[in-house]
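Protein chains: 2
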Amino acid sequence: MHSGQEDILARVKHCLPEFAGGSVWLCGAGAGDAGLLTLLAANAIAQADCIFYDALIDAGCLALARADAALCCVGKRGGRASVSQAEINAALTGAARAGKKVLRLKGGDPFVFGRGGEEALALAQAGIAFRIIPGITAALAAASYAGIPLSQRGMSQSFAFITACDESGQLPHNINWPALAQGAEVLVFYMAARQIKALAETLLQAGRGADEPVAFVINAGLANQRVVITGLGQAAETAKAEVLASPAIIIVGEVVNLHAQLDWFAAAAPKTKERN
Amino acid sequence: MHSGQEDILARVKHCLPEFAGGSVWLCGAGAGDAGLLTLLAANAIAQADCIFYDALIDAGCLALARADAALCCVGKRGGRASVSQAEINAALTGAARAGKKVLRLKGGDPFVFGRGGEEALALAQAGIAFRIIPGITAALAAASYAGIPLSQRGMSQSFAFITACDESGQLPHNINWPALAQGAEVLVFYMAARQIKALAETLLQAGRGADEPVAFVINAGLANQRVVITGLGQAAETAKAEVLASPAIIIVGEVVNLHAQLDWFAAAAPKTKERN
Chain A
14 MHSGQEDILA
24 RVKHCLPEFA
34 GGSVWLCGAG
44 AGDAGLLTLL
54 AANAIAQADC
64 IFYDALIDAG
74 CLALARADAA
84 LCCVGKRGGR
94 ASVSQAEINA
104 ALTGAARAGK
114 KVLRLKGGDP
124 FVFGRGGEEA
134 LALAQAGIAF
144 RIIPGITAAL
154 AAASYAGIPL
164 SQRGMSQSFA
174 FITACDESGQ
184 LPHNINWPAL
194 AQGAEVLVFY
204 MAARQIKALA
214 ETLLQAGRGA
224 DEPVAFVINA
234 GLANQRVVIT
244 GLGQAAETAK
254 AEVLASPAII
264 IVGEVVNLHA
274 QLDWFAAAAP
284 KTKERN
Chain B
14 MHSGQEDILA
24 RVKHCLPEFA
34 GGSVWLCGAG
44 AGDAGLLTLL
54 AANAIAQADC
64 IFYDALIDAG
74 CLALARADAA
84 LCCVGKRGGR
94 ASVSQAEINA
104 ALTGAARAGK
114 KVLRLKGGDP
124 FVFGRGGEEA
134 LALAQAGIAF
144 RIIPGITAAL
154 AAASYAGIPL
164 SQRGMSQSFA
174 FITACDESGQ
184 LPHNINWPAL
194 AQGAEVLVFY
204 MAARQIKALA
214 ETLLQAGRGA
224 DEPVAFVINA
234 GLANQRVVIT
244 GLGQAAETAK
254 AEVLASPAII
264 IVGEVVNLHA
274 QLDWFAAAAP
284 KTKERN
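As you go down the protein sequences, you meet chains A and B in turn. Last residue of the first sequence: 289 (this note's numbering), numbering continuous. Last residue of the second sequence: 289 (this note's numbering), numbering continuous.
Be a bit skeptical, because a hint or two may be false.
What the hints assert, rightly or not - If you anchor each label on the Cβ, the simulated ranges turn out as follows:
| id | chain 1 | residue 1 | chain 2 | residue 2 | range |
| --- | --- | --- | --- | --- | --- |
| 1 | A | 20 | B | 179 | 39 to 49 Å |
| 2 | A | 112 | B | 222 | 36 to 46 Å |
| 3 | B | 253 | A | 111 | 47 to 57 Å |
Unchecked claim - Derived coverage of chain A by chain B (criterion: at least 3 residues anywhere in the stretch with Cβ under 8 Å from a Cβ of chain B; other residues may be distant):
| id | stretch |
| --- | --- |
| 4 | 43–51 |
| 5 | 151–161 |
Hints are computed from structural coordinates only; laboratory data are not their basis. The beta-carbon is built from N, C-alpha and C at its ideal position, and this holds for glycine as well.
With the rest of the complex left out, here is chain A:
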């Protein structure tokens, strides 16, 4: 029996690239704790000379870094950039030019609402070698941990991921909302908790039903996970009453009804309040 006795990274070594000095890896850390890291991501963290990481990266992920690796938080929170995108791009380029193995560790997936595309373009334009490592994006984590399949025979053959917050902090105005609302059976919104009032109104005007089920999924997979189910007509009120904060993933569609049967996370949680 192998389990736990051999180094798992050594055993999949043939699948893991070598981190060359002078290059940058843009890597998704997944949305949650270190369990959602891919082996590629764990390998990247273990090899990096310096790691530029987002604010929401779990400490357990960074604990896999070399003891002598330089760790630098460049995170954004609540729309406020502590370090500007131009500064991040400059830091990545500068460290690579100094010959370092540079890891840009991003929450979720680098190409899903994380500006990974912009960072990659900056590297390409600077002539820096780079690699993109996908990650478990927040919508996938939310769906699995809340027990809400995004696709389901007879219910959902199409689903859309949408940011509810553009650069100005508002609901994006250049989305064709009536078409989107009618076109995708399931809608999954990122960064939506603060926009829920405008979002619900927009979807109702666009023809989604007031009784259509909505799930707010907060801290998916973590000990403080919350899943709040409501209807589109009362979603804004529910969000207010439940004091829902960002980052929440919001899922709209009939598949939300499956949560009642598939809520394995609550079933598996230790029943600390029960006594017997």
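Put chain B on the given structure of chain A with help from the hints.
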């Protein structure tokens, strides 16, 4: 320095659940080789008594199983079920009732076009404890490895994942195609290579432009990765000329144009034909 010297699973043990006998874990293996496994998935494989796996699971993933684990392929290929869904459900339930630690290892993500929802419902209805472990779905792998961001400031604030193949093997007829085509800036299709003619016609009729860029991404991340870029108007012809087979991921939208600058995979590949 830690890297490679300590067992990575032991170091994130606090994030990894214990696999209880009599339960089933529905787990995404990611879309590609073992590098895309999450630590949660690697932990699941290492602990399982029996593993029911899809045909497309990489052998490197299964190599992490215990030497005495029972491995059973229940895969589907090209739409043909070698084992029916009812038989898979019965096998999972039966093994769990026998007290085994049962792993259902699925390509990609279990809740994205993989019938994971149906399997979870069958387990819930049978009263079997289960867990869902998300995985890197094929669209995320394709985007990262092809250098095509799914979101990009000024280009894409919404993208949809759509199956191009319903139960009858045809393009789904109950999708509101005009709305979907106008609503989501980027469209990502699963199981689309065989449907490309009908798909391209449908999207053109629905108002997408003939010159809109389309990427076929085949075997993302593997040594035989291919990315073929074309326009929507000639997509069917291109697919025929290039002999594109399933499973291909098809990405439609302006972001496809970024591939030209962000094709890190081709840049990193060994130039076997170049000399000196």
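Structure-based check of all given hints:
1. Between residue 20 of chain A and residue 179 of chain B the beta carbon distance is about 44 Å. The supplied range of 39 to 49 Å therefore holds.
2. Against the hinted window of 36 to 46 Å, the Cβ-Cβ separation of residue 112 of chain A and residue 222 of chain B comes to about 45 Å, which satisfies the hint.
3. Between residue 253 of chain B and residue 111 of chain A the CB atoms are about 49 Å apart, so this pair conforms to the stated range of 47 to 57 Å.
4. Check on the stretch 43–51 of chain A: 7 of its residues sit with their Cβ under 8 Å from a Cβ of chain B, so the three-residue criterion for coverage holds.
5. For the stretch 151–161 of chain A, the assignment as covered by chain B holds, since 7 residues bring a beta-carbon within under 8 Å of that chain's beta-carbons and 3 suffice.
Going down the numbered hints, you'll see the structure goes against none, and every one checks out.
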